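Protein chains in written order, with the working numbering: chain E, 4 to 244; chain V, 4 to 244.
No lab work stands behind these hints: they were computed from the structure.
Remember, predicted model here, so these are calculated numbers, not experimental data.
Hints are supplied without guarantee of correctness; some may be wrong.
No copy is singled out in the list; a pair is fine if it fits within one copy or between any two copies.
In the DSSO-like style, the derived pairs of lysine-lysine whose C-alpha atoms are separated by at most 30 Å in a straight line are [unchecked claim]:
no., residue 1, residue 2
1, 50, 66
2, 144, 66
3, 66, 244
4, 120, 155
5, 50, 7
6, 50, 197
7, 174, 197
8, 144, 120
9, 7, 200
10, 7, 66
11, 101, 145
12, 195, 101
13, 244, 7
14, 155, 7
2 protein chains.
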Amino acid sequence: MSNKPQLHTSLSPALLHLYDLNNSVVVIIDVFRATSTIASALYNGAKCVIPVDSVARAIEISKNIDGIAAGERDGQIAEGLQHGNSPLEYNREFIENKTLVLTTTNGTRLLHMALEKGADTIVSGSFPNLSAVCEYLIAEKKDVVLGCAGWKDRFNLEDTLFAGSVISEIKEHFTIHCDSSLMAEIMYQNNKDKLTKFAPNLTHYHRLVERFGLIEDIQFCLTRDNANILPVYKEGRLIVK
Amino acid sequence: MSNKPQLHTSLSPALLHLYDLNNSVVVIIDVFRATSTIASALYNGAKCVIPVDSVARAIEISKNIDGIAAGERDGQIAEGLQHGNSPLEYNREFIENKTLVLTTTNGTRLLHMALEKGADTIVSGSFPNLSAVCEYLIAEKKDVVLGCAGWKDRFNLEDTLFAGSVISEIKEHFTIHCDSSLMAEIMYQNNKDKLTKFAPNLTHYHRLVERFGLIEDIQFCLTRDNANILPVYKEGRLIVK
Numbered sequence: 004m005s006n007k008p009q010l011h012t013s014l015s016p017a018l019l020h021l022y023d024l025n026n027s028v029v030v031i032i033d034v035f036r037a038t039s040t041i042a043s044a045l046y047n048g049a050k051c052v053i054p055v056d057s058v059a060r061a062i063e064i065s066k067n068i069d070g071i072a073a074g075e076r077d078g079q080i081a082e083g084l085q086h087g088n089s090p091l092e093y094n095r096e097f098i099e100n101k102t103l104v105l106t107t108t109n110g111t112r113l114l115h116m117a118l119e120k121g122a123d124t125i126v127s128g129s130f131p132n133l134s135a136v137c138e139y140l141i142a143e144k145k146d147v148v149l150g151c152a153g154w155k156d157r158f159n160l161e162d163t164l165f166a167g168s169v170i171s172e173i174k175e176h177f178t179i180h181c182d183s184s185l186m187a188e189i190m191y192q193n194n195k196d197k198l199t200k201f202a203p204n205l206t207h208y209h210r211l212v213e214r215f216g217l218i219e220d221i222q223f224c225l226t227r228d229n230a231n232i233l234p235v236y237k238e239g240r241l242i243v244k
Numbered sequence: 004m005s006n007k008p009q010l011h012t013s014l015s016p017a018l019l020h021l022y023d024l025n026n027s028v029v030v031i032i033d034v035f036r037a038t039s040t041i042a043s044a045l046y047n048g049a050k051c052v053i054p055v056d057s058v059a060r061a062i063e064i065s066k067n068i069d070g071i072a073a074g075e076r077d078g079q080i081a082e083g084l085q086h087g088n089s090p091l092e093y094n095r096e097f098i099e100n101k102t103l104v105l106t107t108t109n110g111t112r113l114l115h116m117a118l119e120k121g122a123d124t125i126v127s128g129s130f131p132n133l134s135a136v137c138e139y140l141i142a143e144k145k146d147v148v149l150g151c152a153g154w155k156d157r158f159n160l161e162d163t164l165f166a167g168s169v170i171s172e173i174k175e176h177f178t179i180h181c182d183s184s185l186m187a188e189i190m191y192q193n194n195k196d197k198l199t200k201f202a203p204n205l206t207h208y209h210r211l212v213e214r215f216g217l218i219e220d221i222q223f224c225l226t227r228d229n230a231n232i233l234p235v236y237k238e239g240r241l242i243v244k
């Protein structure tokens, strides 16, 4: 048995309980769009991102700290909020030195699940910060669980493709006996040169582009290293490591 | 919106609750090896297969009806039983006109879950009876859920590949908006000509071949239409339709 750390991929929040998180770095993956938005906001100088599980809580916390309450439900800006879950919304002019209080359908929910299940460390991953995630995981030498947020517990391919991109880059450093990881890597290898071309096949693409016209969001979310920092969860907030 | 029936793929028993089974045909898929064994036994003339959830129950029922109690736990013949979960064990000489009472780690458990969740119809699918499954699903014109048994709720690739093979054959007849189905079909298309070559990549292959030497089982389970009947669940037993 190799003494390299283990890597597993959880394809849905409903499968997260199958993995031992206590000694693992958990990478929260919500490509469309929470973790891409988190990377974008922090890259553009946000002080921190506070992930919360409800709109009410986002409003309450942001009032107390003079932060920006933001979030989506079912792909749209959540009722009662002025700001949504688009990475393009959080440019430097708008977000620098501010605190973003964010609630989303899948990504922030998964983060709280990982927290409840006692994850050792939680980081946020997306194509915009792929390299930062990979460098960190290699350096840490701990077990890793790549946690796909999916869509309301259903499997989705964009999160799986990102898991596959991480695996492609770091697999020599890990022991991987996990069909989810094998599948994710194959899917990524087959599509890595044509991610935006592949995107119209995804159910989530239809939700975001055909219903809400968010094609530029999709392009941002599938572009590698365009917000290349590492968000780490510490005491209730995501900060740049 | 097309009025073709819908098709979804459930990648793990832990995701089955996400799908509406009440109006659906549920295909139970446990390639290594329960559903391959069920196809083999029925193809070779077994009167029926009674799927049960425990070894004790398999022994009890088989005594009452003079059946064959069989099953596995963790890939081996279950303690207390003389017969296991190998499709090769159930040749015509042995099984013709007999009743097989079968308990397995994943496949029979998933069948009982589908039953509890009120599935309209339950059939059993595997490469040995691929064509029979596809012809039935096309003829029925009902919604379909392809239910992968996985391994103790974890995703596995062999069940996914079988789901992909079904989708490849019948997709013109169904509305499919489901990333699981899309992924399954792509994985199958990429590997359909080399399934036995691909098999050593699977975690389950290591369990069956390296630990128990079951390479002939693997070959049987990945061969198309070598036991081409359709097992349908009716009143507690799987019979040939």
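Exercise. Pop the pair residue 155 and residue 7 into one bin, within, between, both or neither, using alpha-carbon distances up to 30 Å.
Key: between (33 Å within a copy, 24 Å between copies)
Practice problem: Have a look at residue 7 and residue 66 and pick one of within, between, both or neither, based on CA distance no larger than 30 Å. | Solution: Neither. Shortest intra-copy (46 Å) and inter-copy (50 Å) distances fail the 30 Å Cα cut-off.
Quiz item: 30 Å Cα cut-off: does residue 7 pair with residue 200 within a copy, between copies, both or neither?
Solution: Result: close only across copies, 27 Å inter versus 36 Å intra.
Quiz prompt | Status of residue 66 relative to residue 50 across identical chains (alpha carbons, at most 30 Å) | solution = This pair counts as within: shortest intra-copy Cα distance 16 Å, inter-copy 70 Å.
Quiz item: Should residue 50 paired with residue 197 be assigned to within, between, both, or neither, using CA atoms and 30 Å as the limit?
Solution: Intra 34 Å, inter 52 Å, cutoff 30 Å: neither.
Quiz item: What label fits residue 195 with residue 101 when the C-alpha limit is 30 Å: within, between, both, or neither?
Solution: So residue 195 and residue 101 fail the 30 Å test inside a copy (34 Å) and across (52 Å) alike.
Practice problem: Classify it for me, residue 244 with residue 7: is the Cα-Cα distance of at most 30 Å met within a copy, between copies, both or neither? | Solution: within (24 Å within a copy, 50 Å between copies)
Practice problem: Classify it for me, residue 174 with residue 197: is the Cα-Cα distance of at most 30 Å met within a copy, between copies, both or neither? | Solution: both (22 Å within a copy, 24 Å between copies)
Self-check item: Intra- versus inter-copy proximity for residue 145 and residue 101 (alpha-carbon distance at most 30 Å)
Solution: Neither: 32 Å inside a copy, 53 Å across copies.
Exercise. With 30 Å as the alpha-carbon cut-off, assign the pair residue 66 and residue 244 to within, between, both or neither.
Key: Close inside one copy (26 Å), not across copies (65 Å); limit 30 Å.
Quiz item: How would you label the pair residue 144, residue 120 (within, between, both, or neither) given a Cα cut-off of 30 Å?
Solution: within (21 Å within a copy, 43 Å between copies)
Self-check item: Homo-oligomer pair classification [residue 155, residue 120; C-alpha up to 30 Å]
Solution: both (19 Å within a copy, 19 Å between copies)
Of the numbered hints listed earlier, those contradicted by the structure are 2, 5, 6, 10, 11 and 12.
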